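One letter stands for each residue in the lines below.
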Amino acid sequence: MQKEAAIREPLILGHKTYHDVTEDVCRPIEDKAPKMWYILFGIALIIGLYGVGCILYLLGTGVGVWGLNKTIGWAWDITNFVWWIGIGHAGTLISAVLLLFRQKWRMAINRSAEAMTIFAVFMAGLFPLIHMGRIWVGYWVLPIPNQFGSLWVNFNSPLLWDVFAISTYLSVSVVFWYIGLMPDFATIRDRAKKPISKKMYSILSFGWSGRAKHWNRFEMVSLVLAGLATPLVFSVHSIVSFDFATSVIPGWHTTIFPPYFVAGAVFSGFAMVQTLLLIMRKAMSLEAYIHTKHIEYMNIVIMVTGSIVGTAYITELFISWYCGVEYEAYAFMNRATGPYWWAYFAMMTCNVVSPQLMWIRRLRRSLLFTFFISIVVNIGMWFERYVIIMTSLHRDYLPSSWSMHYPSPIDIGVYIGTIGLFFAFFLLFARFFPVLALNEIKSILKGSGQSYKESPDYHKNH
Amino acid sequence: MADKVIYVMYDDDGVLKDGAKKLVSKGVKVADTFSPFPIHGIDPIIGVKNTRLGIMAFIYGLGGLTLATIGMRYFMIVDWPMNIGGKPNFSYLDNILAFVPISFEFTVLCAAHGMAITYLLRNKTLPGMPAQNPDPRTTDDKFVMEIRTSDNSMEEKELEKLIKETGYIEIDKKNI
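In order, the protein sequence lines correspond to chains A and B.
Residue 2 is where the first sequence starts when you use our numbering, and the numbers rise one by one after that.
Residue 182 is where the second sequence starts when you use our numbering, and the numbers rise one by one after that.
These aren't lab readings, by the way, just hints derived from the structure by calculation.
In this text the structure is predicted, and so the values were computed from the model without any measurement.
From the three backbone atoms N, C-alpha and C, an ideal C-beta is built for every residue, glycine too.
Treat each hint with caution, since some may be false.
Label-pair ranges, simulated between beta-carbon atoms [unchecked claim]: (1) B/K355 x A/L57: 54 to 60 Å; (2) B/P269 x A/I301: 46 to 52 Å; (3) B/G266 x A/Y140: 24 to 30 Å.
SDA-like, lysine to any residue: derived pairs with alpha carbons at most 25 Å apart [unchecked claim]: (4) A/K200 x B/D321; (5) A/K214 x B/K185; (6) A/K294 x A/V354; (7) B/K185 x B/K305; (8) A/K194 x A/I204; (9) B/K305 x A/N217; (10) B/K202 x A/G448; (11) A/K194 x B/P317; (12) B/K210 x B/S272; (13) A/K199 x B/M310; (14) A/K17 x B/K342; (15) A/K283 x B/D321; (16) A/K214 x B/Y349; (17) B/K203 x B/D192; (18) B/K230 x A/V377; (19) A/K199 x B/Y349; (20) B/K342 x B/T232; (21) A/K214 x B/E351; (22) B/K305 x A/L224; (23) A/K214 x B/I350; (24) A/K33 x A/G49.
Isolated chain A, as found in the complex:
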């Protein structure tokens, strides 16, 4: 049992026993799904399938169905890619970085945040693949011997770094998530009454035992994977930012990009976690485990990373003038006052102003306000990528090539479709998987549970 200051707010409210924790988490999986679940899943699936239809049309017809032109060769696709990959940064940050820092509040949210990460990275990975046009030759990004002579992929290119970074990130996140899931699947397996679900969870749990030696290995694997995943999280979005920063396009060619992108990714990822968890805790009655204190902690992360992002915006603006490069200066003038000023304005309001409201304790502990801000931040972070990509591309060195980008219905359809698919995946996860890390919650129950903290023994022992 770990020691914890008695004045710290308990992380698990109410008088829960180990068995209550199991009951609370397993009940939604074992009971019949509520009607609302079917409605939401149906809506998400229809939107997702519409997106799949748009993707199939795109693949059948060609990338020309997007609103791209000679000047703007990347638009919504790369915006959506960076947006999704950014959202996919919270999960591993919560489960890996916060594990290394021994933050116990992460245990209530890490499972679902990591599921969200995995689904978001799925959605992100889709965009570069469909942007290839000929998705069936997607394997050409791998360095495999080929019939074209000694033609290898270019290891100097940040685009190839991205291939390695994202596939590593996705697969390592899945492994990290699954290893934590095995003991919890075993809990459901041992409770299951129906033969089909017993069989299913038995396969999923890999025959987990709970032996002392297995737990010893489990903890070592969790720790080492967290240690590996921590630099991985930072590297992935740094490499995504290299896609832009290593180019010579004004507005992209800056050294500030890696840290600024990573902060932005954590910022948007936590916002998405808030959006999902605020609904989930209510729908699955997990208020005792994910309560105001958890929301407050996450809001503080949002506030800090939002401030880093805001500082980066202003630094960028200052440097564009201070560097004395006229193209650079123009790119930023054009961002703020050009034809895309409204996107810049949306980005600034949503990302710089809104997180500052979290300095007020009453606001950051208000669930309704948090939900509102989380949506605002998600919108703002989409606009951030849109601004960076669009305003830099649409007017660069050659004024005769200046252009504008108007999204086609397929652009919009693919984007909305990925949101639908993402929610469909998440709803499936919430229905069939243990949404809280049961074994981890139980291990902190005695240290951070309300009933234990309030008992006279607790104070005597600490």
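Start from chain A and add chain B according to the hints.
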């Protein structure tokens, strides 16, 4: 000689730990414990050695780094040196900065997956394996201690007397 396994069930991790400490001090060998979450501090009491998976992860990582270096050197320097703006391309060291990201990613990839696969194999936890825990309640809120008669020189009766003092809630015996 017929071996007998005694499963002693507790409803609290602290009670099990104290019980194990008491039994071990009396010279009883506790074979294993089964619990719904890691009981911190039980390993040295019942003599479970710390895992060496961390060392394996390091070795897998080194393997990944080596493989990435050999691969990229062959692709980019030996087999088809790319002429990018006339920049030097005739030695790995000249270009090493461009190879840092993939070297890192590949190291992590190999270390993480190598470790995870070793973990699953060593645990014998693979898809479709039967459940290894003696009682389904050990994944919920019960804690079980496994004691084998063949591990202990003392008589079964004596053993049971010692176990009785540890405050268990259930006891189960099985011949194997």
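Results of checking the hints against the structure:
1. B/K355 x A/L57: 54 to 60 Å: holds (58 Å)
2. B/P269 x A/I301: 46 to 52 Å: holds (48 Å)
3. B/G266 x A/Y140: 24 to 30 Å: Holds - the Cβ-Cβ distance for B/G266 and A/Y140, about 29 Å, lies within 24 to 30 Å.
4. A/K200 x B/D321: The given pair, whose Cα atoms are some 18 Å apart, holds under the 25 Å limit.
5. A/K214 x B/K185: Since the Cα atoms of A/K214 and B/K185 sit roughly 21 Å apart, the hinted pair holds (cutoff 25 Å).
6. A/K294 x A/V354: Roughly 23 Å between the alpha carbons, so the hint for A/K294 and A/V354 holds.
7. B/K185 x B/K305: Holds, because 23 Å separates the two Cα atoms, which is no more than 25 Å.
8. A/K194 x A/I204: holds (15 Å)
9. B/K305 x A/N217: The given pair, whose Cα atoms are some 14 Å apart, holds under the 25 Å limit.
10. B/K202 x A/G448: Within the cut-off at roughly 22 Å; holds.
11. A/K194 x B/P317: Roughly 12 Å between the alpha carbons, so the hint for A/K194 and B/P317 holds.
12. B/K210 x B/S272: violated (61 Å)
13. A/K199 x B/M310: The hint holds at about 13 Å.
14. A/K17 x B/K342: Distance of about 33 Å is beyond 25 Å: violated.
15. A/K283 x B/D321: Judged against 25 Å, a Cα distance of about 24 Å means the pair holds.
16. A/K214 x B/Y349: holds (22 Å)
17. B/K203 x B/D192: Between B/K203 and B/D192 the Cα gap is close to 17 Å, so the pair holds against 25 Å.
18. B/K230 x A/V377: violated (51 Å)
19. A/K199 x B/Y349: Violated, at roughly 29 Å.
20. B/K342 x B/T232: violated (33 Å)
21. A/K214 x B/E351: holds (23 Å)
22. B/K305 x A/L224: At roughly 20 Å apart (the allowed maximum being 25 Å), A/L224 and B/K305 satisfy the hint.
23. A/K214 x B/I350: holds (23 Å)
24. A/K33 x A/G49: Within the cut-off at roughly 24 Å; holds.
Hints 12, 14, 18, 19 and 20 from the earlier list are contradicted by this structure; the remaining hints agree with it.
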